[in-house]
Amino acid sequence: MQNLQDTISKCKTLLKEQAQVIEQKESRISQLEKSLREKDAAYARLLQQKEEQKARLERKIESERSSYRYLNSRLRETEEELDRERGKSAWDKFREKHHLWGPKKRYRSCYYTRKSFADWFAEKMMFPLGCVIFAVVVFVILIHFDLIWYVW
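Read in my numbering, the sequence shown has 60 at position 60, and its numbers run on one by one without any break.
Some clues are possibly wrong.
Restricting the straight-line Cα-Cα distance to at most 30 Å, the calculated cross-link-like pairs of lysine-lysine (DSS-like) are [as the list claims (entries may be wrong)]: (1) 60 with 34; (2) 50 with 60; (3) 54 with 39; (4) 16 with 34; (5) 25 with 39; (6) 10 with 34.
Note that these hints are calculated values from the structure, not bench results. Small disclaimer: the values here were computed from a predicted structure and weren't measured.
Put together the whole structure using the sequences plus the hints.
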């Protein structure tokens with residue numbers, strides 16, 4: 001009988017130990033599950049942040065591309081405008097091709113850029129024409145008042 005009671009007490013202690021081990025393992029499992037849920041949540045937040053960052057970068061890249069497109073188009077327009085400004089007449093091309101009077105210099109300064117005929121005429125011809133007209137008017141006035149004979 002004593003032997004039976006010892007066996008029963010041993011079984012009870014073994015059951016208690018196994019219950020404690022099971023309880024410890026269950027608590028460890030619950031801790032691991034909690035840790036796993038936290039890591040899953042952190043991973044989900046990280047994925048969301050990465051997606052937001054990717055979207056921001058794509059928007060930034062697109063805005064940079066559009067600004068580069070705009071700048072390239074402006075550069076192309078400016079180059080075309082410069083080409084038009086530097087455009088050569090047929091006579092200029094012929095003269096340069098046949099080396100007549102040396103190649104025409106093209107200065108970068110605004111003062112020396114190619115001018116229209118009206119600008120050239122106003123700059124180079126109006127002063128001499130004005131001087132001639134002034135001289136003729138003075139001459140006519142002197143003749144009109146008979147003062148021309150005093151000048152001679």
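Comparing the hints with the structure gives:
no., hint, result
1, 60 with 34, "violated (39 Å)"
2, 50 with 60, "holds (15 Å)"
3, 54 with 39, "holds (22 Å)"
4, 16 with 34, "holds (26 Å)"
5, 25 with 39, "holds (20 Å)"
6, 10 with 34, "violated (35 Å)"
In summary, the structure is inconsistent with hints 1 and 6 from the numbered list given earlier, while agreeing with the others.
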